[in-house]
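**Q** Once you've looked at the hints, go ahead and assemble the two chains, each given alone in its own frame, into the complex.
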Amino acid sequence: MIRFVVRRLLLLIPILFGLSILLFIWVRALPGGPATALLGERATPERIAQINKAYGFDKPMITQYLTYMKRVTRFDFGQSITLRKDVTAELVRRFPATIELSMAAMLFAVGVGIPLGFMAAKRERTWFDYGAVTASLIGVSIPVFFLGQILKWVFALKLNWLPTIGRLAPTRELVHHTNFNVVDSLLAIDGGALWDAIKHLILPGIALGTIPLAIIARITRASVLEVLNDDYVRTARAKGLRTSTVNRVHVLRNSMLPIVTVIGLQTGLLLSGAVLTETVFAWGGMGQLIAGAVLDKDYPVIQGGVMFLAIVFVLVNLVVDVLYAFIDPRIRVS
Amino acid sequence: MSEPLLVVDDLHVTFKIHGGRAVRAVDGVSFAVRAGETVGIVGESGSGKSVTALAILGLLPSRGVTTSGSILLNGQQLLGASEHDMQDVRGRRAAMVFQDPMTSLNPVLTIGRQLTETITRHLGVKRDAARDRAAELLDRVGIPEPRQRLKNYPHQLSGGMRQRVMIAIALASDPALIIADEPTTALDVTIQAQVLELLREVVRESNTALVMITHDLGVIAGICESVNVMYSGRIVESNERHHLFASPRHHYTRGLLASVPRLDGAQGRLVPIPGSPSDVIAWSEGCAFAPRCPAVSDACRGQAPELVSSPEGGTLRCVQPAPVGMPVWSGR
Ligand SMILES: Nc1ncnc2c1ncn2[C@@H]1O[C@H](COP(=O)(O)OP(=O)(O)OP(=O)(O)O)[C@@H](O)[C@H]1O
Ligand code: SF4
Ligand SMILES: [Mg+2]
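Chain order of the listed sequences is A and B. For what it's worth, the working numbering labels the leading residue of the first sequence as 91, then goes sequentially. For what it's worth, the working numbering labels the leading residue of the second sequence as 22, then goes sequentially.
Only chain B is shown next, with the shape it has when bound in the complex (with noise of 0.2 Å):
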């Protein structure tokens, strides 16, 4: 197999936030991604797969946030990277797509503005070339009459429209990584699939690596090969997305998935994860998950588990995790 083109390793992101306080918003994240590879972050709100993300492009507040461990982009150190070198990896090298296209797009420049203003800073062309990459690249995403869009603004496109366009955006300079962050969230639940079926498209035809963050299994099982689950700030576990349906090991992932709709439509009871995700202890006093988990035990408590790879496959985070093959719908 080829070498990674993003690797991220021990990743630590802690913002100081008002009283001094410290939040540790993402707490040893390691993972990477092949070209041509999609691979998932799934977790539920404020698990840390935004910031993990932010911090990849070198986005984060530059004030009160502290960083450490290391993100390598086909070798280059990105951390801790002047913001100067980061604007010649951002958008060229590395592009993102956000969850919701209505805000992330400026309501007051027309769409071709956008594309082009990408265009011109990176790849060095003139202002009738960049217009006509521009056409070229709301064809590509499925735009009808991407000349006229051009001179639209997004208010006067449809939501599926603006987010074909953002990913027209982040396509600009044909990227070798692309990071898309609950990309299909704000979307009607059709325009979702032609989305997705959008982005792996893009991934097949350029080899883009993909790393596809939401908190929707549905969205995972349609476009990953691989998944990381994350909780409070950790990976909890990681494996080839059919591994992981067929048999999730922790009992955070077991929970995802029992709280989603079946995938394959068989019929089964939807069960939420009892708390919601801030009832959390500090990973430095146990499991995090622990005042959750329907498993938890005393073994649970008193130092965090680490994250070891299972012999089957994968890497797991859990002292008493579910038995192999277990699928969450026979029962937990």
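Okay, chain A solo, but in the shape it has when bound (with noise of 0.2 Å):
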């Protein structure tokens, strides 16, 4: 298993390295350049000639890449050139609440998620069944910034149930040790500052956890009907086992490998959502970062934030291998 987890960590390498230069290429397609961005209607050829040539965009792609890399080894992603600060510690700074928002979104999706799909298998073809399925196909094709910009205006503007934008109250006072508000609230022993995080993560959390959710709903609904078909349950059943227990130890259990895959790819995904999610509620996270450098074509950022996204997918999917193996023997095995 140890060997297993050391080769996939090092087959992080050559990902990382090819996202690296597919990167770099990448974000000089893009029409406009940061000098552009950054002068706006100041722009002409000659100061854009020498904001270039400042940040060393004037040098062939070859060269520039190789002083970049140069840097990325020591993981120095650079400067930003709209913020005008270390790309890499703004991307630790903000990391924690993508993070923590992506994990509120995964809950709300598991945690929902699951029951609903196990639900409707078990009333297979009933109204329950298919208004679940319903549901969920809703789900699936709702655009994570429309959903985000209802969700605001109903429960935060019109109800005013919650608050619409931000990860706590403007004037809530909180040490920040991990920069993780619910962690840090819990650190400092305070209440408050705990449900004010939670009541943050609230809407943001259901705009980007309401794909995933869909989709794993789907998936454990059909992994579910499978397994209730399968030989071995029946056998749990004519063992005179609770019907809870056949439920839990026979047919949940076994019909997790499809739906921990789901939810590793969906973890992957939310990172994407969150670009958009983190915009509606103005998050503050790494989403909205990458987003508004997309915008200033600032090129460090972008490349620095879109290879920590990538750094999280690997992982995340790493630790998705893991689980199957301990949720099935045969893998372990083989």
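Because the hints were derived from the structure by calculation, they are not lab data. Don't take each hint at face value.
Within a straight-line C-alpha distance of at most 20 Å, the following computed EDC-like cross-link-like pairs (lysine to aspartate or glutamate) qualify [claimed, not checked]: (1) K37/B with E214/A; (2) K147/B with D109/B; (3) K172/B with D195/B; (4) K172/B with D418/A; (5) K212/A with E157/B.
**A** Structural data, given as structure tokens:
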């Protein structure tokens, strides 16, 4: 198992290497450039050339790449052009915000999606099942941005139940050790701050979690339906086990493999959904940072940010693969 | 003779399938089993053997199925009993062994876990005691190094070993009744004999009642005291085993016997039953076997032949049965 994990981590190196090249070329293929974005209406050919020279964008692409990679190996992603800040420091500072949001979204998606899919399967071809299937179809097709705006309008602006933007009330004082607000408020033993952090997480969490929820519910339903027809479930019932035991020990556990797979994949997609959600709710995480950077053609921020997300994506899928082996002993041997 | 342990009386099971059509999978089946007795149910695929077994244990799907008749286990009516009550019967008083030991065991749980969960469920013992009992059971069904095997997963065992595990699970709380649904069909021939021997031993040692479901007359010959022959949801002939083999009277029974190699090793030509089990007519229109029967006549159509007791013992559902004492092998 350890060898497997190490091998996968080593595999990360060529993946990230290839990604860095693609990214490098892609950002430079975007129309316009950082200088144009920075100068806006004041742009003149001379000033653009001047800024490009200052950041080394006038050199050949290959030279630029080599200089860039030399720094990246020291985890230095350079300076942001528009924010004039150290990209690595900025990413590290904002990273917890994005992870906290993603985890809230995933918690919602898994916590609702698995029971929903399970109950739909157990009540196959009843109104509950049809309702769940229809709801999940709607769920996957709602754009995150749109859902975010609707939720904000209804629950924050009209009903005034929940905050509209940000991660904490502006007046709240909280010492940030980890930048995970939930963790920090627990460390500070501050119930008010904890509740505040959670309230801020609800709407963005739902906006971001709805698509994965719908997908998880659908996969769970399909997987449970298949397992329910398996012979060992009949054996479990023939043993006289209580229905709850049969469901928990035999049905759910055996349905988990495909569910865990989509959870892993969805976690990756979540990170891209976070870009939109964070914009709607002014979340101040990596998503918002990257979204802004794309508009400003802030090459170092885009490159660093996407690399960061890629690393998270690969690590999440590594965790999924390890979980696999725990769920299914047949994978463990081979 | 003692009172029968299991009495199935006029059992009907009807499936409502898509399009509102109804399939009478079991259509008025009656039989009884005493403690220590092994009763066979034999018939081709689709004759309703498994559905009968599942009905006894209340394992049929709850939706789209209607059942009627009576199933008494030690005097307790099982048909229509609540799921909760049936959970106390299943695995405790009546256990089942299924056909395919590869798919019938949960691939992601250890053998030990699958054994102990039955034991703790029914015997109310603690984990450690349950493990001891589990090892004992594996030992009893002839699995070497039982303590080690408890930690194994099903895929680490051979097919024969897995079926022994299934039998161990069935034996976990000393049930009075075991229903074995084609327990040897998925196994190699040599292993089949061993598993049958094991079941025979269990019945003898624990005075268990055994219902042996099979399409293999060889299995019947090896283990059953009496036999029910099923065709298209009904019993068409039943008798004590040696009578049935010596003097099969229903033409379907005779067809089955003619289509298997002779059990005493003597030479004879194997004659498969013509047609397939799907060439049936509804019992309401006559004998379901009529489309395939070599002795069919007009009398066989119009209404179903009644199941009647024959003076020579056993029961028979045929208007023109073969004469008494005419073995299949002297020609038919
Ligand atoms: N869940 C179900 N829904 C609809 N029809 C069913 C269902 N289960 C069984 N049947 C039907 O009931 C009939 C009897 O099936 P059963 O499984 O009892 O046959 P069997 O004698 O056990 O045959 P085999 O030797 O193939 O196991 C078949 O016609 C089958 O199509
Ligand atoms: S009743 Fe007629 S068709 Fe049916 S088995 Fe007897 S002879 Fe054949
Ligand atoms: Mg069957």
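**Q** With reference to the structure, classify each hint as holding or not holding.
**A** We went through each hint and held it up to the structure:
1. K37/B with E214/A: Holds - the C-alpha atoms of E214/A and K37/B are around 16 Å apart, at most 20 Å.
2. K147/B with D109/B: 18 Å, holds
3. K172/B with D195/B: 23 Å, violated
4. K172/B with D418/A: 14 Å, holds
5. K212/A with E157/B: Outside the cut-off at roughly 36 Å; violated.
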